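Q: Chains as they are written, first to last, in this note's numbering: chain B, 1082 to 1569; chain Z, 780 to 1575.
To be clear, the hints were calculated from the coordinates, so they are not data collected in a lab. Quick caveat, the model's predicted, so the values are computed rather than measured. Just to be clear, a hint being listed does not mean it is correct.
Selected chain B positions facing chain Z (in silico; Cβ < 10 angstroms) [claimed, not checked]:
{"no.": "1", "residue": "Q1237"}
{"no.": "2", "residue": "R1289"}
{"no.": "3", "residue": "A1299"}
{"no.": "4", "residue": "V1303"}
{"no.": "5", "residue": "S1307"}
{"no.": "6", "residue": "S1311"}
{"no.": "7", "residue": "D1329"}
{"no.": "8", "residue": "A1337"}
{"no.": "9", "residue": "L1342"}
{"no.": "10", "residue": "D1347"}
{"no.": "11", "residue": "H1407"}
{"no.": "12", "residue": "I1411"}
{"no.": "13", "residue": "A1415"}
{"no.": "14", "residue": "R1440"}
{"no.": "15", "residue": "G1457"}
{"no.": "16", "residue": "H1467"}
Positions of the beta carbon are idealized from the N, C-alpha and C atoms, including for glycine.
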Amino acid sequence: MTMISRRDLLSLGGCAALGLFARSAAASRLSAMAALAAPLAPTDYKALVAVFLAGGNDSNNMVVPVTGYAAYSAVRSAASLAIPQAQLLTVTPPAMGGATFGLHPELSELHALWGQGKAAVVCNVGTLVEPLPTRADYRNAAKKKPYQLFSHSDQQGIWQTSRADTRVQTGWGGRVADVLACANPGAILPMPISVAGINVFAQGVATRPLAVPDSGTALNNVFVLSGFGSSAESVARRAAFDAIRGQDAHLPLVRASNETLQQAVDIAALFGTDPTLSPDRFSGLSTSISRQLKQVAKLIKLNRDAAGLGLNRQVFFVQQGGYDTHQNQISEQAALFDGLSRSLNAFQLTMEDLGYGDRVTSFTLSDFSRTLQPAGSGSGSVGTDHAWGSHHLVVGGAVKGGDFYGVNGPNGSIFPSLVLGNVAGTSDTDSRGRWIPSVAVEQYAATLARWFGVSDANLPAVFPNLHRFAPPDLGFLNPPGAGVPGCA
Amino acid sequence: MKPRKIRRTAEGVFAATLLVCGPVLAVDTSSPGLVAPTASRFYTVAPCRAVDTRNAPGPRGGPALAGGEERIFALGGVCNVPASARALALNLTVVNPTAAGTVLLFPAGEAIPNASSINFPALRTRANNVIAPTGVSGEVSAFFGGPFGSSVEVLLDVVGYFEDPAGNKPPVVSAGPDATLEMPSNVLSLAGSFTDDGAPAGATYSAQWDVMSGPAGAVFAAPGSPVTNVTFAAAGTYVLRLSVSDSDRVGFDERVVRVVPTVSDASRFLDQASFGPAPGQAEAVRAQGLSEWIEEQFRAPETGYPALPPEPGSAPASCRSGTACYRDKYTLYPLQNRFFTNALYGGDPLRQKVAWALHKIFVVSGSDIPMPSRLTPYLRVLQRNAFGNFRVLLGEITRNAAMGRYLDLATSTRTSPNENFPRELLQLFSIGTIRLNPDGTPQTDANGPVPTYDQAVVDGFTKALTGWSLAPQYGSGISNYIDPMRLTAGNHDTTEKLLLRGVTLPAGRSGEEDLEAALDNVFQDPNVGPFIGAQLIQMLVTSNPSPAYVARVTAAFGDNGSGIRGDMKAVLRAVLLDPEARAGAAAPPSFGRLREPALWLVASLRALGARSADGTENADGYLANRVRPLGQNPLRPPSVFSYFPPDYQAPGTGGLLGPEFGVFSATTALGRANLVDTLVYNIWGCPVSTRPCLRPNTDAGNPDSNTNGVSLDLASLVPLAGSTAAPDPGPFVDELGRRLLSSAMTPAMRAEVVQALNAIAPTDPVPPSDVLGGKFRRVQAAVYLFLTASPFQVER
């Protein structure tokens, strides 16, 4: 592996006085040197892996009632949008009192994890400002609704920020990292890493996420500053390159550019090797989501093994696009679910290989679910429009799997009625099958954050609206156990 | 501003210098305006047709008056009416108006009044008797207050006129000669003067300077004095008018003042209005003038994306994947190349820059529409309307087939409505989700930001826009993406629709009528100006414009000076010539914008003479593969939300906006530096005469191959890089500062680059061990340091 040379360290130290980082540059560089001097290994490792199903996943076809299939079929069969009952992968969640449900046929690997108690479904989760138990509450102008319901960018933003009442520039992944920064003392590598570009989920008040490409790029090629050697000319050019990066601090946009490049230079020193996954559980998978999750697995392994890393807490963000199925949903969603199921399974197996099977939890997010009523007509054209509450998957050894979780809706069940329109017991906003969520994003997120180690005292800082919803913990994860090392 | 009254001091002739000398100047504060006009006498004439717009085009003929148009008719001397007539007695007739509206007659040169001369419904002939006051030389202005795109024929029949029996003539005014100022000199002395005939008896005189056209920010020291100073905040061409009243009639004269920008400002301007300055271009545009360059660009022919013939949706056997045929007809390859060659070498850079900005607002992504023959009509809508009217752009984009496919309007029907396009029409293409003030700041009430619409409005627009689908295909499997979409009447929802601001479309209208009415409803929304205007500022000039800057652009969107809303030329003039855009060193620290990856690379290449690495003169533009890893795949944004969000905040700045930071991470920042390394240092695979280069590769069938390669003309810089006799690299570093940093390089950065270059002896090549030579390595080192420096990443 490539070690940071003494010269690099001196140059880092020399730069430190320039104060490039918002967080004290001197402190971060000194800590880099300290980390090299005394490599840490994770002592109490946990990771959260957010899997964003971008475009709005139609969860009506992800989890289908078998008991009561007729209500589903009545709306979707005529347009050839229903999953045939015989193809569904059946589950019998204890929480549903004996009723049988089916997972989409392409989720066979997840169905197997379900059987092992490592996968669960959280029902009808969505963006909420305050509880809206009934359709009348939704239609009551005095009740607060999320801004711009049914709009991709806004609802994606709310799922990532957890704030349905206002736009904010921090995500709940970033805020979790803010309050748990104590778990990774002296780390140069940020707690959150996105393998799907920059997004608000992992932006904190003091936390700036790292974005890395998927496993198509070897980790030791992710952060390499090319073209500098040891000749006097090269050393002089490098000195100027480093010094210019410390100038113009009074110009905020120039400084932001400088700090971003500085972060890259710092991290380049840490990413010296490309870990090998053995066995390679991702072998044979070629989708973008598989490459992203493989890169996450490699990052987790690198963190476990490499000098200078050893973070105790990491947050990852990956994204699978293509769920905006206004058209041609049956074939497009099937292909996406196939890739998702295989990739999540390979990832869970890899975590078990690394000894982290119950220390890493993956979970889905999505803009919204989609209308139960089909949209469009004609061959290949049938799809669905933007809706609201959706079912979500949680995977990992810490998950109390094999069950449904949620909050009862107007039908007295955590799973919504599939009857359209203004009918007693339904939670349709209109007449097309847009379910009013019975679980707020904040409850779903807070359950994950508590397991991750966010103390109850810190929950309001991360989730300011959580107090409006009950319960704050949906119970789909094992208890968090003792406090986080390094955190008060 | 209230005109100052000046008492007559000598019979007939008044020297302007007297007017500002205190003792002979008496200010009459008793009357707020001009004194009451003297009585006029009425003369009849035989009824005579003075204007008929149905006639052949001419000063008193056609064409018909367009909605929002003001036209001046010179009637002095016509129909036996003397030029000294003060008002005309007219029979005003309107014929065949295509829309309901009003016609206003008023003295030429004055503002459009509130009072109409005639009101009429659509398609009816109406007449009215009008007494129409004339301007200085007998001109009458006619304004048609009708909707954009409508027209009306106007007839003026003269039956008499009024004339002042005293024959008072307006003062004869001289505003002084035309002048040119060169920035940073920006103050001009004005020495206006006038003479008068002495009438009316007891006249008092008042003077007034006004800016008739030009950038905002010209300030007169004493606007009521013919002799004063004017200070210009920004370069540009100004028309200044001196008006003098004799208390009855007003005379005026105008002078043109050109304020030439600094080279630094011209260079900055070229970053904003084009794809960055090429060597020598800033000096040329400085001499030409910024507004003159803009007007020239407005006239330049479209060269960006030539029309392509339709192609079958499935590649035929003769055009298999992996062939050049497939690459050119079924992948984005030729269009992405074209984007770069347009930007590097095109003759209509302002049009292409604005079309690029419009693409980032009205997104259709090549991810869904990869065929060049299908995406090109969309790109042509953008470039065709870049200097047109925003309402026309809305209409063409709404009917565009690629957009219809991308956002599903092409399959939205009465029974299966699809709200994808209608929602984005409102949210992204016109008004946004929050009600804005004209200065772009959000409107709030007790519940927080005020939303612009709710789901009921989205439903209304969805219904209004049902029934459209692709025009008949050209042949089996050859879909029609060239013609606008067609309406199928039976697929249109004819029920009532709720639109913005509580407007309701009545039931029973046709799909065409509903589409036009829905787009009119959007176009007239007060949010369009600040929502679109602020984004254009962000995309062309600065990420964080002041509210006042946004308000000025909003005003230009609302009225181009002739009462027309949505004139993109007026908007672009306002964006590019605003004092805030032109402030240069006086701009606030937050000024500027991070160059997005594609434009960062193009600006680098333009400043340093991009050419083809295979020896032909111009690069083929195959650069998309170079900027894709930097977070931007041109013409293929990841979603309808474009490449990055307009409200993305630059990290660590306490909330400053920096949209382009949305694709600027540690990874892509490092990627920029490493691309510069390749561009400046790679000689592997490059012909000797063009090294270093992005190397050529002739695997023509592979879209990921770099067919001809790209090279910087570093060799031309070698003579500037110092020599053994004169080793100081300072002048060379200064030259790069002019080319790449708009002459705004800091002494601190200069010192660092000079120090790095001083480590390299400026020697000539000594083959075979030293094939490039020290001078060349100096050029490489300096270019590397400039292109990777944050002051170049952020244009400001």
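Q: Take the hints in turn and mark each one as holding or not.
A: Here is how each hint holds up against the structure:
The beta carbon of B:Q1237 comes within 9 angstroms of a beta carbon in chain Z, closer than 10 angstroms, and the hint placing it at the interface holds. Of the supplied interface hints, the one on B:R1289 holds, with its beta-carbon coming within about 5 angstroms of a beta-carbon of chain Z, less than 10 angstroms. A least Cβ separation of about 13 angstroms between B:A1299 and chain Z goes past the 10 angstroms threshold, and the interface hint is therefore violated. Hint on B:V1303 holds. Least Cβ distance to chain Z is approximately 7 angstroms, under the 10 angstroms limit.
A least Cβ separation of about 4 angstroms between B:S1307 and chain Z falls short of the 10 angstroms threshold, and the interface hint therefore holds. The criterion of a C-beta within 10 angstroms of any C-beta in chain Z is not met by B:S1311, whose closest approach is roughly 13 angstroms, and the hint is violated. Because the closest C-beta pair between B:D1329 and chain Z is about 6 angstroms apart, less than 10 angstroms, the hint holds. A cut of 10 angstroms between beta carbons decides the hint on B:A1337: the least distance to chain Z is about 4 angstroms, and the hint holds.
Annotation: interface hint on B:L1342 holds; nearest CB of chain Z at approximately 4 angstroms, less than 10 angstroms. Proximity of B:D1347 to chain Z holds as hinted, the smallest CB-CB distance being about 8 angstroms (cut-off 10 angstroms). Restraint check, B:H1407 versus chain Z: the minimum CB separation of about 5 angstroms is within 10 angstroms; hint holds. Interface hint at B:I1411: violated, since its Cβ lies 16 angstroms from the closest Cβ of chain Z, which is beyond the 10 angstroms cut-off.
For the restraint placing B:A1415 at the interface with chain Z, the shortest Cβ-Cβ distance is roughly 19 angstroms, beyond the 10 angstroms limit, so the hint is violated. Annotation: interface hint on B:R1440 violated; nearest CB of chain Z at approximately 26 angstroms, more than 10 angstroms. Interface hint at B:G1457: satisfied, since its Cβ lies 5 angstroms from the closest Cβ of chain Z, which is below the 10 angstroms cut-off. Restraint check, B:H1467 versus chain Z: the minimum CB separation of about 7 angstroms is within 10 angstroms; hint holds.
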